[in-house]
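Asker: Protein chains in written order, with this note's numbering: chain A, 288 to 427; chain B, 288 to 427; chain C, 777 to 1183; chain D, 777 to 1183.
In case anyone wonders, no lab produced these hints; they're calculated from the structure.
Nothing here was measured: the structure is a model prediction, and the numbers come from that model.
Heads up, the beta-carbon is just placed ideally off N, CA and C, and yes, glycines get one too.
Among these hints, one or two may not hold up.
As the list claims (entries may be wrong) - If you want the ones that stay clear, here's a sample from chain A, every Cβ over 12 Å from chain D, calculated:
| hint | residue |
| --- | --- |
| 1 | Ile290 |
| 2 | Glu382 |
| 3 | Lys425 |
As the list claims (entries may be wrong) - Under the rule of at most 25 Å between Cα atoms (straight-line distance), these lysine-lysine pairs were calculated in the BS3-like manner:
| hint | chain 1 | residue 1 | chain 2 | residue 2 |
| --- | --- | --- | --- | --- |
| 4 | D | Lys913 | D | Lys887 |
| 5 | D | Lys913 | C | Lys884 |
| 6 | D | Lys825 | C | Lys1129 |
| 7 | D | Lys884 | D | Lys854 |
| 8 | C | Lys887 | C | Lys934 |
| 9 | B | Lys310 | D | Lys1179 |
| 10 | D | Lys840 | C | Lys798 |
| 11 | A | Lys352 | A | Lys425 |
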Amino acid sequence: MSIKAIQDEIIEEFSMFEDWLDKYDYLIELGNELPEIDPGQKSDENLISGCQSKVWLDAEYKEGKVWFQADSDAIIVRGIVALLIKVLNGQPPKEIIDNDLHFIDEIGLKQNLSPTRSNGLVAMVKKMKLYAIAYQAKEG
Amino acid sequence: MSIKAIQDEIIEEFSMFEDWLDKYDYLIELGNELPEIDPGQKSDENLISGCQSKVWLDAEYKEGKVWFQADSDAIIVRGIVALLIKVLNGQPPKEIIDNDLHFIDEIGLKQNLSPTRSNGLVAMVKKMKLYAIAYQAKEG
Amino acid sequence: MNFNIEKIRDDFPILKEQVYGKPLVYLDNGATTHKPQVVIDTVKEIYEKQNSSIHRGIHYLSEKMTEDYEEARDTARKFINALSTTEIIFTHGATSAINAVAFSFGEKFVKEGDEVLISEMEHHSNIVPWQMLCERKHAHLKVIPFNDNGELDMDAYKEMLTGKTRIVAVNHASNSLGTVNPVKEITRLAHEKNIPVLIDGAQIVQHGEVDVRDIDCDFFVFSGHKVFGPTGIGVLYGKEKLLEEIPPYQGGGDMVDCVTMGKTTYNELPFKFEAGTTNYTGAIGLAKALDYVSGLGISNIVAYEQQLTEYAAEKLAAIDGLKIFGNAGKRISVFSFHLADIHPYDAGMVLDKMGIAVRTGTHCTQPVMDHYDISGTIRASMVLYNTKEEIDLLVSALERVRKMFSK
Amino acid sequence: MNFNIEKIRDDFPILKEQVYGKPLVYLDNGATTHKPQVVIDTVKEIYEKQNSSIHRGIHYLSEKMTEDYEEARDTARKFINALSTTEIIFTHGATSAINAVAFSFGEKFVKEGDEVLISEMEHHSNIVPWQMLCERKHAHLKVIPFNDNGELDMDAYKEMLTGKTRIVAVNHASNSLGTVNPVKEITRLAHEKNIPVLIDGAQIVQHGEVDVRDIDCDFFVFSGHKVFGPTGIGVLYGKEKLLEEIPPYQGGGDMVDCVTMGKTTYNELPFKFEAGTTNYTGAIGLAKALDYVSGLGISNIVAYEQQLTEYAAEKLAAIDGLKIFGNAGKRISVFSFHLADIHPYDAGMVLDKMGIAVRTGTHCTQPVMDHYDISGTIRASMVLYNTKEEIDLLVSALERVRKMFSK
Ligand SMILES: Cc1ncc(COP(=O)(O)O)c(C=O)c1O
Ligand SMILES: Cc1ncc(COP(=O)(O)O)c(C=O)c1O
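Throw the hints in and build the complete structure from the sequences for me.
Answerer: The following block contains the structure:
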């Protein structure tokens, strides 16, 4: 599925929630379901430190596609991380670079990705794009 | 005449002015009439420097009474200086120390004696009192 | 007790706001407090009717503004019971006041090898300026520890006061632990060794009586916005003798008496420390806020808040899995806690959607977090306009949060 | 020209005030400007509806305030055409911005024997911070002279740029002479020798277009209250590379990333330079003021003020015995003058009682007074809401003053 199609799916999913707490219930569920990453991957190198919460991000490049693994110490952040991975995983670098992640705005999570929130998410999205740029450069 | 009586006289005089400009006309007149002090008395020692205007003050103690001589580079300030001298000149130190100069307030010149005006007048009044205190101390 | 809470809440327009369609329950007063209508109207009226640059102006508006500004200084003086208005300097907040002292006092009195003494429970604003000073002067920063209840270790303190200590800087009340420190005793002990003391009063002025002459501290700072005043204004109190001795902090208009390219002489106190056009609107607004507080009666406020604090302590402690950090004998109405093993950020985000405004994170007191080896807390902080009902709302919201995350 | 002056005056409530029963003629805009209703209402609304401490807050009000604050930063960026919001630091005014640069740049780049270059027509706020720096670092302050018209001596300037010069700091427009300096050329010449340049824009932003990228200056500062904004707020622009290189100025909350007692790491730009709770109300009010100015159209303002300036210059010059100090080819609407041999303070006091607000004295530019060997001037300073009628009122009042003192 294209990045756009996955985003549309998520937006549709979220449109069903009647209230904020239902959304958060769902994000908590997603957060709980997200597989924990290897303790070894929770390295300083992979750490994106925010004042409010921590995020770890690792990436792999296989057969022209990027695969992310990520984690956070806060469940709701994990839930958002899960969504980001769902949208970007298994996509070619070019797609990751070119698409903007409008779903974040549309499902009402924009605040969580504001640069002043300091929860690690903005930096994580930036780093995801950087990985894609690096992999694309490798291809030449 | 007592300090109080002279002040009352000045207050009465000023109550006749219908408007501010008349008051200033009168102050200018007083300023022009005030005898200039000796160039020699315009010493650094006698200088009370304000940012807006300069004031010079000298004092003498004769037969139990204090005599002031003062000057300023601004005419209206000179006018006010003339009033202050009129009130305090030839008075015994104790009188100068004990009386407050309520006439300033009542004739509407309070602003001119605000510490932030920086025209030298507040410092001059303070110095006049200090002279009185010093002379009184000398008497024992 | 003479404390009409309904009427008081009416004085603060923002308390009627809703967030996400729910009534606002504002428990983030440790960060900033709201403004009574009288403060808001004062600021508005200044801009509409008399705005003008103060000092040295000779025209009507400038006179009037200057008078009001200097009167505001006197109001601040009275509020903390300083001796003279020459000891009251308007700054931009507690942070800029502490920076001013760290620089000016440091320039004059701190040399290589000297020591500056702060505590483990300071706000970053009372840590970093001293770190910067110590780095510049090759001096050492020493830290008074606190015990797990959040109380300063006074024995350790006594031992840390040495011949090398140049200044002691501690808060009156901690913004993350709620502890009220024995500032009078702290000052007395330092003075025995002729060491001056700065008290960071950012978290005390909104809660109770402050008497700088009783404390006998050498410097005292607070922020206007935390005591129901406007933003961008604060107060630095300093004993006249010390303020005379130390050099000015910033250079600019109004703080100089006479400037030539060769030599500049500084204006007298307090102007020497007020460089540039000051925030006169802020100062006058702050004075209105202080008048408002005095008008309610400090003892009434203290009594009311004590009830509130006790109620909150009891109710919070009763929540299953809730752990409070900071249980000092004397405290303000500020509570830092964990709820089971829920990440504070998670809890805070959900509370927000329920209309409850708390703060999460380190509260600019990282060393406090390090003490307990935690990354942050949830913090609820109350002032005179908060109610028991709001605490009940917080408690039931926390119960709900706990359930959401235990699934 | 599309400039409805009546409508504009209507936007500024204070202009309807009377003093001593006479309509206010406010010609002290060089000291501070008045605020349009939209700015006043913005400040009021923030306090009534959304006040909350910014950054790191997770609740609704804090989010909203943070967003508005960061948007205000972007408005300021656009107003001076900076590249990025990381280059826009909110300060408390021009003075605090200059002090920040003098300290932080000075700590990093100024050593014993180095030179700092300012001009003879600087405001005390752009003199004293550099004097303090030079004293601390044992560096030398060098001064670019101006000629009797009030124009900088560019030949002297070129010669004063030496291998020892570390920074050049000059104003864009002089607050006492009205001169508009060739800042682009000044910057170009300094850059030829790799010397950074600070431009004090306190007297330019309210009068016309500012483009920091066109000037190519390294630092640019201005005060909010002089450009129709609230008190207690200002802007420091700095090129990102330089801001990254120099240490922070003040320590405190928000400007740090991580604090331990041993080592503190600083937050990224622009937060590194914004210690403590910022004046967010001021910043957002300032953004409204900048929007207001942009809305009128900079070119409209420039055209209108040019007419006003020419009119004032002509009318003032026609007064018997009036001498203007500062007759530069390029000028703003600021006039310093003497009337016969009347002491400026005398004249100012009488003008005040006629309802005319001017400033008298040195205008915080003592070296300018020393240049002409005078102790002060009368200064009338106009902005976009002043009118030819007001200039006529000033002129006839001056005629009257002359008569009063010639008796
Ligand atoms: C104890 C303490 N000190 C200092 C400060 C700094 O105050 P401001 O940010 O208003 O300068 C705060 C505010 O958070 C505080 O709580
Ligand atoms: C040229 C110039 N620079 C700096 C300043 C200082 O501005 P502020 O007092 O707002 O900090 C002024 C204000 O008078 C000025 O005119």
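Asker: None of the hints should be skipped; say for each whether it holds.
Answerer: So, going through the hints one by one against the coordinates:
{"no.": "1", "hint": "Ile290", "verdict": "holds, 27 Å"}
{"no.": "2", "hint": "Glu382", "verdict": "holds, 28 Å"}
{"no.": "3", "hint": "Lys425", "verdict": "holds, 28 Å"}
{"no.": "4", "hint": "Lys913(D) / Lys887(D)", "verdict": "holds, 6 Å"}
{"no.": "5", "hint": "Lys913(D) / Lys884(C)", "verdict": "holds, 15 Å"}
{"no.": "6", "hint": "Lys825(D) / Lys1129(C)", "verdict": "holds, 18 Å"}
{"no.": "7", "hint": "Lys884(D) / Lys854(D)", "verdict": "violated, 29 Å"}
{"no.": "8", "hint": "Lys887(C) / Lys934(C)", "verdict": "holds, 22 Å"}
{"no.": "9", "hint": "Lys310(B) / Lys1179(D)", "verdict": "holds, 15 Å"}
{"no.": "10", "hint": "Lys840(D) / Lys798(C)", "verdict": "holds, 16 Å"}
{"no.": "11", "hint": "Lys352(A) / Lys425(A)", "verdict": "holds, 12 Å"}
Of the numbered hints stated above, the single one contradicted by the structure is hint 7.
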